[in-house]
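Student: Each protein sequence line maps, in turn, to chains A and B. The opening residue of the first sequence carries number 25 in this note's numbering; numbering runs sequentially from there. The opening residue of the second sequence carries number -19 in this note's numbering; numbering runs sequentially from there.
Just so you know, the hints here were simulated from the structure itself, not pulled from any lab data. Ideal Cβ placement from N, Cα and C applies to all residues, glycine included. Among these hints, one or two may not hold up.
What the hints assert, rightly or not - Simulated coverage check for chain B against chain A, where a stretch passes if three residues somewhere in it have a Cβ under 8 Å from a Cβ of chain A:
| id | segment |
| --- | --- |
| 1 | 9 to 22 |
| 2 | 51 to 58 |
| 3 | 64 to 73 |
| 4 | 94 to 108 |
| 5 | 120 to 133 |
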Amino acid sequence: MESFFIRYRNLVVLLAVLLAQVIGLAVQVRHPDAGPNTFDSPDGSGVRLIRLWANALVTPPERVIHWVKLGAESLWLDYLDLRHVREQNQQLQQTVDRLRLEQAALLEDARQGQRLQALVDFQQKYIYKTVAAQAIGTSGSYQSRVFYLDKGSADGLDRDMAVITPDGIVGKVREVFPHSAQVLEVDDQTSGAGVILESTRIRGILRGNAAGQLQIVGILADNRIQPGEKVLTAGGDKIFPRGLPVGVVEKVLRDPERDAFIDVIVKPGAHLDRLDEVLVITSTEPRFSTEEQQDLAASESQKGAEAAAIKEQKKASEIIAERLPGLIDPNLPPDQQPLHDSSNPNPVAHPPQALKPDRFTPGVAGMPAGANAGSSPEAKTATPVEAQPAARSSPRQEDGAAQTGSRPAKPAPNAEIKAGQPGETQPSNPQGNP
Amino acid sequence: MPVFAANLRRDLEIRRYPMLVYALAPLAALVLQAWLPRLLGRYAWFDLPLIVTVYFVLGRRSPIQGTLMGAAMGLFEDALTHHAIGVNGIANTAVGFVAASLGVRIDVEHYTIRMMLCFLLSLLSAGVYLFVYRVLLGLELDLPWFTEFFKAVGNSLIAMALFPALDRLRIRE
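Based on the provided sequences and hints, a complete structural model is requested.
Tutor: See the structure below:
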């Protein structure tokens, strides 16, 4: 017996090691009553201990490498490569100002939405608190799309917290250690998130495929889904708050297994392959965070200041307009109007008198009033306010106009002010004729 | 007597390294394997722990040591993923055993042979991984074979540069 083990000790050791690992796997994998086998996501205490040890061994060197990389990048970006920074800063400041105004404009809609949601007993969760974290390492295997953060339970992280970037969602926290955390990316084959297409409002489940692409599965064939459409989180998975950007539709493919269904390939908004800094949503509340409220207050004040500035400008222009010499002064008698002031540097040009008046000449007696006014070139070019008194003028007024001779169709300055009020054109006669 | 002679020959050809190299080289491989994909993204077509395992196992020429080293490295890799612990462990255990068994029988000093071995053992590792995952455990997993092929090529190329560098660290008697 002893010689058997000695003779075949290599194979015996091999089989013993393999058997031990197979038993270990059998403990971890569950066989449900229906459907394929599953790997329990929450690790047992023994498995978790192994992961903790491995993580404790790998994370410190990764931190050191990450710090060195950050230091080199900082040296280059913050000191050496500062070209165009001022221009970019100005552009960013303009963008911030514009976004603040837009945010203030959207604030009322958001508040109204909150009130409506409270009425229908549906509370929309807003991102209340986030923790910024650095990605320091990966699993090292493309079959397991996870990465590690430099923050852990000591920083307030917990399982199933959403991990995002401003560009789009990234994944969820799968395992938490004291000073690090493992994040499962949304493009992993075992990942899942509820999403909705922005314009068509079609819902689906987002997951990764073998090639590392994001795809929405379980959607019935629909011609309305076109490349370029935005994809947002639907909020039903209790991980990601609703409305976060996910990406855009890249292409639509037939489901190879089910004819009536399609697979929508999504181009992720976040750069999942090269993540540096991410935000972990540690708290969602049905109200805005303190920081957001401060931003909104700043936006409100900025918006108010801008509105006050515009009002001041209008007021100043009105004051200047009052002080400038006008052509019409309602407080002066007609003969003393600035219009007749010879000192006026810009006198009103009167139309020259016709050498041979014909039926088209304004104010020619014998012509029908309406035809005269309507056929007159001056009346045609006159504004409706100016043309109205001429068209409505009585023969008596025409007589008066004929008497004046020079400006029959042109109403007096006061008539322009009170135009459109029948019966009030009489005082406008500069000659005082009835 | 012939057996003794064979053992003597094998003992003479066993490569020995400082303990620091035994400790740091696998650790460096694991750390770099976890960190480099952040720089290279989805083009990280290599498996440094597997390469280091193959290198040391070929040099030591002991199937037991190869088995244990492969199991340890594989379990360590599994621990960094979110998959069940043991899948990579079984795959690398098989690779370690096969590599050590081959190392006893063939001349592993030749660079080309070591490169080819690295290529074939990478494919073997992928095959065992898929077998364990889909057949033994009954889990769903799509394994793109072109990626595994590129990974095997990448392992061979890295081995071509890394093996001579590690050879310099061996203890010469």
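Student: Indicate, hint by hint, whether the structure satisfies it.
Tutor: We went through each hint and held it up to the structure:
As drawn, the segment 9 to 22 of chain B meets chain A at 10 residues by the rule of a beta-carbon pair under 8 Å; at three or more, the given contact holds. Against chain A, the segment 51 to 58 of chain B contributes 4 residues with a C-beta closer than 8 Å to a partner C-beta. That satisfies the three-residue criterion, and the hint holds. With a cut-off of 8 Å between beta carbons, the segment 64 to 73 of chain B has 8 residues touching chain A; three or more are needed, and the interface restraint holds. Coverage of the segment 94 to 108 of chain B by chain A is violated in this model, with 0 residues showing a Cβ closer than 8 Å to a Cβ of that chain against a need of three.
For the segment 120 to 133 of chain B, the assignment as covered by chain A holds, since 6 residues bring a beta-carbon within under 8 Å of that chain's beta-carbons and 3 suffice.
Of the numbered hints listed earlier, the single one contradicted by the structure is hint 4.
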